[in-house]
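> Assemble the complex: chain A is given as a structure, and chain B must be docked to it using the hints.
So you can see what is in the structure, the chains are spelled out below.
There are 2 protein chains.
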Amino acid sequence: MSDVINTVWQRDMVFESDNPSGKKLTIDSSEEFGGTNSGLRPKALMLSSLAGCSGLDVVSLLNKMKEEIDDFKIVTSGELTEEHPKYYHKVKIDYHFYGKELNEKKIKKAVDLSIEKYCGVYEMFRQFAKMESEIHLHNK
Amino acid sequence: MSDVINTVWQRDMVFESDNPSGKKLTIDSSEEFGGTNSGLRPKALMLSSLAGCSGLDVVSLLNKMKEEIDDFKIVTSGELTEEHPKYYHKVKIDYHFYGKELNEKKIKKAVDLSIEKYCGVYEMFRQFAKMESEIHLHNK
Numbered sequence: 001m002s003d004v005i006n007t008v009w010q011r012d013m014v015f016e017s018d019n020p021s022g023k024k025l026t027i028d029s030s031e032e033f034g035g036t037n038s039g040l041r042p043k044a045l046m047l048s049s050l051a052g053c054s055g056l057d058v059v060s061l062l063n064k065m066k067e068e069i070d071d072f073k074i075v076t077s078g079e080l081t082e083e084h085p086k087y088y089h090k091v092k093i094d095y096h097f098y099g100k101e102l103n104e105k106k107i108k109k110a111v112d113l114s115i116e117k118y119c120g121v122y123e124m125f126r127q128f129a130k131m132e133s134e135i136h137l138h139n140k
Numbered sequence: 001m002s003d004v005i006n007t008v009w010q011r012d013m014v015f016e017s018d019n020p021s022g023k024k025l026t027i028d029s030s031e032e033f034g035g036t037n038s039g040l041r042p043k044a045l046m047l048s049s050l051a052g053c054s055g056l057d058v059v060s061l062l063n064k065m066k067e068e069i070d071d072f073k074i075v076t077s078g079e080l081t082e083e084h085p086k087y088y089h090k091v092k093i094d095y096h097f098y099g100k101e102l103n104e105k106k107i108k109k110a111v112d113l114s115i116e117k118y119c120g121v122y123e124m125f126r127q128f129a130k131m132e133s134e135i136h137l138h139n140k
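Line by line, the protein sequences are chains A and B.
Taken in order, the first sequence gives residues 1 to 140; the numbers are from my numbering.
Taken in order, the second sequence gives residues 1 to 140; the numbers are from my numbering.
Extracted from the complex, chain A is given alone in its bound form (with noise of 0.2 angstroms):
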C-alpha cells in the first residue's frame, strides 16, 4: 500500500498539501525566512505525526481495555542538530493522562504496545533520533 500526497505551490513561501482524509493544509515559513507565518513550518509537522500515530494507537487500546480517561496529552520535544541539514537527533514522548483511579498498569501497556509493536512512525523516528518516553499520571 502506498500513500501518494499532492503539495502544490500557491505564492511566495505557501504550500497547499493533500492528505488521505481529503483534508489539506497550509504550509508557510516564518517571515525570517521569506514567509509570512500564514501556515504550518513542515519540520515540527514530523513531531505532530509521531504524536498523533501513538495517541491514536493508546486511545484505541484503552477503549478495548475498557480503560476510561478524562484527558490525555501528548508532549513531543526534538532537539535539532546545530548544523545543515537540520533534524532531530533526539526526540521525546511526554504522555500525560488524567482521570479517577487510572489504572497504570492497562495504560503502560497501552503505551508499550504502541512504542513497541503499532506506530509505525515511531518506528521511523527510531531509525535516526535517540528515542526518550515517559508516562505521566494525573490522579484527580
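Be careful, since some hints might not be right.
Where chains are identical, the list cannot tell them apart; a pair therefore holds if satisfied intra-copy or between any two copies.
[Stated by the list, open to error] Derived EDC-like pairs: lysine to aspartate or glutamate, alpha-carbon spacing no greater than 16 angstroms straight-line:
1) LYS108 with GLU132
2) LYS106 with GLU68
3) LYS73 with ASP18
For the record, the hints were derived by calculation from the structure and aren't laboratory data.
For chain B alone, kept in the frame of chain A given last:
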C-alpha cells in the same frame, strides 16, 4: 534548539496538535479505525513534512538565482511495509516545474542543494527509507 509540540485529545479519535507557527491542526483516523475522518491522518503528515521542507528550500534557492517559475508541485509517494509497525520503506519525490524557458541547470542545482545539504526532513527520511527523486520540467 528544540521544537516542543503539544497534542491534546479532544474526543473519540480526534486530537489537536500545535505548531511553532501558532497554527493548529486536527488529527483523526478513518471510520475503519473508529474515527470520523474529521481531521488529518497522522502518518501521511510525514510526506507533507518532507514536501514542505524541500519545497521551501527550492523556492528560496530559485528566488536567489532569479529563476522564475509559473507553477511548482511536489508529489511524495510513500510505500508502506505490510507488517506492523507499518512505515514508509520506499519514498519517491517528484518535483514538477511549470513555466516558460525553464533553466534546467538552475532548477537541478536548487533541488540538489535541498536534498543534499539543507532539507533536514529529507535527512531523516534517508535513515529509514530507500529514497528516490526526479525532476520534471513542463515548458509552456
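> Give a verdict on every hint.
Each hint, compared with the structure:
{"no.": "1", "hint": "LYS108 with GLU132", "verdict": "within (14 angstroms within a copy, 38 angstroms between copies)"}
{"no.": "2", "hint": "LYS106 with GLU68", "verdict": "within (10 angstroms within a copy, 57 angstroms between copies)"}
{"no.": "3", "hint": "LYS73 with ASP18", "verdict": "between (26 angstroms within a copy, 12 angstroms between copies)"}
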